[in-house]
Amino acid sequence: MIYREAGDFKTSYRDDSQTFPIRLDRWGYYAILAVAFGIIPFVINDYWANAVMVPFLIYAIAALGLNILTGYAGQVSLGTGGFMAVGAYAVYKLMTSFPDVNIVIHILLAGGITAAVGVLFGLPSLRIKGFYLAVATLAAQFFLVWLFNKVPWFYNYSASGQITAPTRTVFDQAVTGPAASAPAKYLICLVFAFVLAWVARNLTRGSLGRKWMAIRDMDIAAEIIGVNPLRAKLSAFAVSSFFVGVAGALLFAVYLGAAEVGEAFGINKSFLVLFMIIIGGLGSIFGSFAGAAFMVLMPVLLKNFLVGSMGWPTDLAAHIELMIVGALIVTFLIVEPHGLARLWRLAKDKLRLWPFPH
Amino acid sequence: MDQFIFGLEVVMNGLMTGVMYALVALGFVLIFKASGVFNYAQGVMALFAALTLVGIQNGQVPFAHLINAVFGTQLHHFGWTVPAVLAIALTALVMVGLAFVIEKLVLQHLVGQEPIILFMATIGLAYFLEGLGDVMWGADIKTLDVGLPQGISDPIEEITANWFGYGFFIDRLDLWATLIAAMLVAALVAFAQYTKQGRAMRAVADDHQAAMSVGISLRFIWVMVWSIAGFVALVAGIMWGTKSGVQFSLSLIALKALPVLMLGGFTSIPGAIVGGLIIGVGEKLFEFSIGPMVGGATENWFAYVLALIFLVFRPQGLFGERIIERV
Numbered sequence: 002m003i004y005r006e007a008g009d010f011k012t013s014y015r016d017d018s019q020t021f022p023i024r025l026d027r028w029g030y031y032a033i034l035a036v037a038f039g040i041i042p043f044v045i046n047d048y049w050a051n052a053v054m055v056p057f058l059i060y061a062i063a064a065l066g067l068n069i070l071t072g073y074a075g076q077v078s079l080g081t082g083g084f085m086a087v088g089a090y091a092v093y094k095l096m097t098s099f100p101d102v103n104i105v106i107h108i109l110l111a112g113g114i115t116a117a118v119g120v121l122f123g124l125p126s127l128r129i130k131g132f133y134l135a136v137a138t139l140a141a142q143f144f145l146v147w148l149f150n151k152v153p154w155f156y157n158y159s160a161s162g163q164i165t166a167p168t169r170t171v172f173d174q175a176v177t178g179p180a181a182s183a184p185a186k187y188l189i190c191l192v193f194a195f196v197l198a199w200v201a202r203n204l205t206r207g208s209l210g211r212k213w214m215a216i217r218d219m220d221i222a223a224e225i226i227g228v229n230p231l232r233a234k235l236s237a238f239a240v241s242s243f244f245v246g247v248a249g250a251l252l253f254a255v256y257l258g259a260a261e262v263g264e265a266f267g268i269n270k271s272f273l274v275l276f277m278i279i280i281g282g283l284g285s286i287f288g289s290f291a292g293a294a295f296m297v298l299m300p301v302l303l304k305n306f307l308v309g310s311m312g313w314p315t316d317l318a319a320h321i322e323l324m325i326v327g328a329l330i331v332t333f334l335i336v337e338p339h340g341l342a343r344l345w346r347l348a349k350d351k352l353r354l355w356p357f358p359h
Numbered sequence: 464m465d466q467f468i469f470g471l472e473v474v475m476n477g478l479m480t481g482v483m484y485a486l487v488a489l490g491f492v493l494i495f496k497a498s499g500v501f502n503y504a505q506g507v508m509a510l511f512a513a514l515t516l517v518g519i520q521n522g523q524v525p526f527a528h529l530i531n532a533v534f535g536t537q538l539h540h541f542g543w544t545v546p547a548v549l550a551i552a553l554t555a556l557v558m559v560g561l562a563f564v565i566e567k568l569v570l571q572h573l574v575g576q577e578p579i580i581l582f583m584a585t586i587g588l589a590y591f592l593e594g595l596g597d598v599m600w601g602a603d604i605k606t607l608d609v610g611l612p613q614g615i616s617d618p619i620e621e622i623t624a625n626w627f628g629y630g631f632f633i634d635r636l637d638l639w640a641t642l643i644a645a646m647l648v649a650a651l652v653a654f655a656q657y658t659k660q661g662r663a664m665r666a667v668a669d670d671h672q673a674a675m676s677v678g679i680s681l682r683f684i685w686v687m688v689w690s691i692a693g694f695v696a697l698v699a700g701i702m703w704g705t706k707s708g709v710q711f712s713l714s715l716i717a718l719k720a721l722p723v724l725m726l727g728g729f730t731s732i733p734g735a736i737v738g739g740l741i742i743g744v745g746e747k748l749f750e751f752s753i754g755p756m757v758g759g760a761t762e763n764w765f766a767y768v769l770a771l772i773f774l775v776f777r778p779q780g781l782f783g784e785r786i787i788e789r790v
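Read top to bottom, the protein sequences are chains A and B.
Reminder that position 249 of the first sequence reads as 250 in this note's numbering, one-by-one numbering, no gaps.
Reminder that position 24 of the second sequence reads as 487 in this note's numbering, one-by-one numbering, no gaps.
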């Protein structure tokens, strides 16, 4: 009986509507935050930062964004890669045009620009839905990638067509460019992931989140009870694109350092983030993190095992990885459509009753 | 005048490309009509079929790469070649087997789920098949030759040279593709209209429950439909594979077929054909007239943006059934 509610009495509505109403959950959450902010930055090395932690945090932000749109508001989007590209190119233009402004402001502005673009491509969602919309968002994906490839203004007329992040600092610590240290990269991503997850959690708890969920569950019924579908859908597109734009900006500026649009933000990115939220759990903040962790860690582990331990050629390992990802998606959809988040909840429910089955 | 003749040639080539798109789109429509599943994996099925066909033709050892990695052997080929007709028949068998396995392992467990869940399941399926195809037959670019004629069509060049004083370049392969596509469509329509299985298929498409209650086996119909879609994928794979080699990019033609479907409507075979022709001609003309002004390569997105704009005004597509919703 390590995990229980007994003795955890609430005397006000405020206590009752907390995000973590059970004390053990709350402590666990604080403990994870303490480790993430207090311990990991001092022990992290380049390998862990670049292979695991930084991509995990960045993709978690992107997954949060897509989860808001798909999991909470029910609008499937396959344009995530394109919107991440908007964030990346926006932050690049801002960084090179206004070198004196703080990078954090640039990243937030890039998110804002992406939100505007997202709303623009979200407009058709008022007429089309379901997989018609999913396919329609591919228009955003292909058009945006083509645009960043073909208009030299976006990559500052560089000969290679690539964008390269210059060095920018936060509190005199380089966070972008080649001089950035592993803890600095990790910390800036962590701060963004933490704040945005907190924002997402509270948005989805509030009236806006309820409107999104009403639209997701049945849009016509939602309209009848007074939800404005135009505002609900477009706000979902805006908030979601903001998150995805910030993720794209961080991915380019902090993680990759240099990017070429077709390679870094192609349609595979869209599917990758979609898989994260399917495996993690649609409509769940925890699920976004779990899915991102899973999809970032699995290739690393698989590669270490197949190539490192078994000595197989890398291309074979890559193909087997494709098979495993595909099989996992199908398995999750069949066995547990609500993903890892649901499994976690089931485990908690079992623990609450343990050792008594009823 | 020169511009006009060039434009005419572009339109002709666009029509031929459109036929190829329609060929892929047909596979989508079939599955969607009969099971309500929007099969994203159709393009990968075409790639898989083409890979299998080349593999069988050249007597490649399946999974050679994997076996070599595990056991340290040096297997590559059996050392025989299979004639094209036999290889096509064997590949068709493989596609039927694939349809059976997909029904057994995936669809059966997802009956009654929302369409979007089924759609995502087929994305997973696409990834799996892509990996499987590469592991089975290797990822290198292969040439496919089943004896279809290729190269410039001389009669057309002669006739147009006589008419306009300028010979059009039309690939003979495209002409053959048009012919085969027309035959395929005729056969499919006849099958759906005049055979018992075809009627059962249409009944399932209309209403699963009602079809089951009059004794139609849903599972049989699904296996059948996925087999037919596999066969259509094989035909598309042969055409595209002969045209541009069997390689990963073949699976991307599915992405080209999606806007065709949106334009034509997901449930309509004529829609797939008309949509394919419109998109084929449209993107070639756009690339020809506007492309040079904006840096080219507009073919990547033109079809999507066209379909998107069109859908805003007519959400069900050109020939789609009107969607009626009730609370």
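If you are wondering where the hints come from, they were derived from the structure by calculation, not from laboratory data.
In this text, a Cβ means the ideal position worked out from N, Cα and C, and glycines have one as well.
It is possible that part of the hints are untrue.
Claimed, not checked - Straight-line alpha carbon distances no greater than 16 Å define the calculated EDC-like cross-link-like pairs of lysine to aspartate or glutamate that follow:
# : chain 1 : residue 1 : chain 2 : residue 2
1 : A       : Lys151    : B       : Asp637
2 : B       : Lys706    : B       : Asp637
3 : A       : Lys151    : B       : Glu750
As the list claims (entries may be wrong) - Facing chain B, a subset of chain A residues (Cβ under 8 Å, in silico):
# : residue
4 : Leu121
5 : Phe155
6 : Ile321
7 : Ile335
Do the hints match the structure? See the list:
1. Between the alpha carbons of A/Lys151 and B/Asp637 the distance comes to roughly 30 Å, so the proposed pair goes past 16 Å and is violated.
2. A hinted pair counts as satisfied when its Cα atoms are at most 16 Å apart, and B/Lys706 with B/Asp637 qualifies at roughly 9 Å.
3. At roughly 14 Å between alpha-carbon atoms, A/Lys151 and B/Glu750 fall within 16 Å of each other, so this suggested pair holds.
4. Annotation: A/Leu121 was flagged as interfacial toward chain B, and the flag is violated, the nearest CB pair being 11 Å apart, outside 8 Å.
5. The interface hint given for A/Phe155 is broken, as the beta carbon of that residue sits about 12 Å from the closest beta carbon of chain B, more than 8 Å.
6. Residue-level restraint check for A/Ile321 holds (minimum Cβ-Cβ distance to chain B is 6 Å; threshold 8 Å).
7. Because the closest C-beta pair between A/Ile335 and chain B is about 4 Å apart, less than 8 Å, the hint holds.
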